[in-house]
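A.B. asks: Top to bottom, those sequences are chains F and L.
Under my numbering, the residues of the first sequence are numbered 1 to 294, in order.
Under my numbering, the residues of the second sequence are numbered 1001 to 1198, in order.
Derived by calculation from the structure, the hints in this document are not laboratory data.
Keep in mind that the hints are not guaranteed to be accurate.
Part of the chain L face toward chain F, derived, beta carbon under 8 Å [said to hold, decoys possible]:
id, residue
1, 1061
2, 1067
3, 1075
4, 1076
5, 1078
6, 1079
7, 1091
8, 1096
9, 1157
If the Cβ cut is set under 7 Å, some of the chain F residues that face chain L in the computed set are [stated by the list, open to error]:
id, residue
10, 12
11, 14
12, 16
13, 18
14, 25
15, 26
16, 39
No experiment lies behind these values; they were computed from the predicted model shown.
Note that beta-carbon positions come from the ideal geometry of N, C-alpha and C, so glycine has one too.
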Amino acid sequence: MLEFIIPVAVVVAVGFVCAVLLTFIGNKFAVPVDETQILIRDCLPGANCGACGFAGCDDYAAALAADRSIAANKCIPGGEATIKGISAILGVDAEGSVPMTARVLCSGLCDLTKPEMDYQGLKSCAAVKQFFGGPGSCKYGCIGMGDCVAVCQYDAIEICKGLAKVDKDSCVGCGMCANACPQNIIEIVPKASRVSVACSSKDAGKAVRAVCEVGCIGCKLCEKECKFDAIHVVDNLAVIDAEKCKNCGLCAKVCPRKVIYVEPRPAKKPVPKADGPREVTRLEDPEGPKRAQA
Amino acid sequence: MKDMLMIIMAAVLANNYVLVRFLGICPFLGVSKKLDSAMGMSLAVVFVMVLATAATWPIQHLILDPLGIGYMQTTLFILVIAALVQMIEVFMKKSMPALHKSLGIYLPLITTNCAVLGVCVLNIDEGYSFVNSLLNSFGSGVGFLLAMFLFAGVRSKIETNEYPKPFQGVASTLVAASILSLSFMGFSGMIDNIFGGM
């Protein structure tokens, strides 16, 4: 009988000692965590994308809980639902967020612009750019090796015919692709703004014509056409001032190169309502942001 | 002194836990994608291995052996190591927040790591003294760190290359791991030759 009792007793005793020690240490070394922080953290999507400017969701939650002067609307991936949640916890008015999206300012598809060299090496835009500014003949355009695709947590950007293409529905506007792009041709714009000049070339018109069939040549036709003083040619490149632009699309009509794009109006459903629930379900998806798994 | 040096060298190179004994393969493949996380994990392993040995050696020699229930080794060791790691984590969170931030996330992963349990059990099997056990654990941890360090480097190269489809992902990683393992097999016998002649 004893040969059964002894091992059981030993395991029970050791387990008991461990339990007592753990409880004791747990109480003694308990780190007080602000409850507000935990609540806020639950509201945040947990993508740790850094769009808020903090090191991650935990960091932002801690900062919000500690300092009420920090804006509660910095989480772009979380969207409206997150901001409302945080504002409710902190007892401040929801300021609302502007849904943002990434936009690639280049139209240089494979068949519209020519490669200058046959590059066979590390498949990374940043690496290719080391070689004479990239393989394409246009030194401003999309390299198409997919550094943006690699960093995207939401599978919202892909390379299609050598050009990065953003899926507006999946994009949450966190800006990781814009930071990763060595050409700096991805900008983060409000989803409501629909007109864009899809070119980044600051070369003079003749040089642009030589390398690309669609690039902006800085002819200023759009500038003359615009009734709201919202588009200007700076350094041979038309630039839209998003605050003044009324999305009328007149500039796109006169553009001889057809490099100004007007996206179709979103569906008639009111945008925030259509966005709200969909965002929430997607973020609760366990397979959502890749980094959350890692 | 010669013994101690021999134990450490053997643990780091000839009997490398990951590459020769094939223990702790899961973190070896799982966390070796990035050098900094590989280092964090390895340092946590070194730390936990030494502490776990310091806790389990006395248990074996003061409780299990006198009572003649050596067969309870595995059960008790798992229990003790799990509790120990938990305690360290709580303690670290309070006293060393910076260290907790860098090592903390790896500690729970190590709780059920076979390399940690393996080193405790093997220390007993080899009949090491307490000091030698600690040295062996430390050496094993460093061996783990070395393997992780090397493999993180190899993997960063693998990730940026193109492979035929069947070799992509896990396949190429495993092939690389086995080649690294083969190269470490070359160390066997080295220890005897070096220290045997002394």
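A.B. asks: Does each hint fit the structure? Answer for all of them.
C.D. replies: Verification of the hints:
{"no.": "1", "hint": "1061", "verdict": "14 Å, violated"}
{"no.": "2", "hint": "1067", "verdict": "6 Å, holds"}
{"no.": "3", "hint": "1075", "verdict": "6 Å, holds"}
{"no.": "4", "hint": "1076", "verdict": "6 Å, holds"}
{"no.": "5", "hint": "1078", "verdict": "11 Å, violated"}
{"no.": "6", "hint": "1079", "verdict": "6 Å, holds"}
{"no.": "7", "hint": "1091", "verdict": "6 Å, holds"}
{"no.": "8", "hint": "1096", "verdict": "11 Å, violated"}
{"no.": "9", "hint": "1157", "verdict": "10 Å, violated"}
{"no.": "10", "hint": "12", "verdict": "10 Å, violated"}
{"no.": "11", "hint": "14", "verdict": "6 Å, holds"}
{"no.": "12", "hint": "16", "verdict": "11 Å, violated"}
{"no.": "13", "hint": "18", "verdict": "4 Å, holds"}
{"no.": "14", "hint": "25", "verdict": "5 Å, holds"}
{"no.": "15", "hint": "26", "verdict": "6 Å, holds"}
{"no.": "16", "hint": "39", "verdict": "20 Å, violated"}
In summary, the numbered hints that this structure violates are 1, 5, 8, 9, 10, 12 and 16.
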